Amino acid sequence: NAGVTQTPKFRILKIGQSMTLQCTQDMNHNYMYWYRQDPGMGLKLIYYSVGAGITDKGEVPNGYNVSRSTTEDFPLRLELAAPSQTSVYFCASRPPGTGVNIQYFGAGTRLSVL
Amino acid sequence: DAKTTQPTSMDCAEGRAANLPCNHSTISGNEYVYWYRQIHSQGPQYIIHGLKNNETNEMASLIITEDRKSSTLILPHATLRDTAVYYCIVRGADGLTFGKGTHLIIQP
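So the protein sequences, as listed, match chains C and A.
Terminal number for the first sequence in the working numbering: 431, no gaps in between.
Terminal number for the second sequence in the working numbering: 411, no gaps in between.
No wet-lab data here; the hints were simulated from the structure.
The list that follows gives simulated cross-link-like pairs (lysine-lysine, DSBU-like), each with its CA atoms no further than 30 Å apart: (1) K374(C) / K326(C); (2) K361(C) / K326(C); (3) K361(C) / K306(A); (4) K374(C) / K403(A).
Predicted model only: the values in this text are computed from it and were never measured.
Input sequences plus hints: build the corresponding full structure.
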């Protein structure tokens, strides 16, 4: 069982370039999340989705876009990369149900914008 | 969201029990306490959660005070592989709010 898979593992971008961070899960989870983690800090929520076709903003959505066309995939798009977006990005998912919020995380994508 | 307070870092000898405290004095009645950990260069990993009662699983035990204003995560026999940042989180829904956590260092 692969769980949550993120690609690529590492990427270096130039300022103004765009890229898509891929996230896929094979656990049939409805909920999916994107977080960023700056050095020495906790994770901050960028976007989340409660199911295919439904997305919502988290704490730090500016500069990012998401889509959720299938249950399995939740890509994160950076349109005009900026140095402030240098970070480690984590994707997570959780099964449906209310009250309990146990999330399963991918290994992360380390992004540098130079 | 209820805020949590954790020590910045802790040391524990290998083979001993590691006790990680967390204060969450503003927790509301329907909010769970969650513990996650993050080993260096990996994604966070769920450990355990609880509402009112103490909980135990194959990884750890969670002790919640009767007034629910604080809790303690216990790793009964710490190993070097338990060196990680441990996050105490109180959040009812949507995304998880991670603070800076406690950096637990297991000493050989």
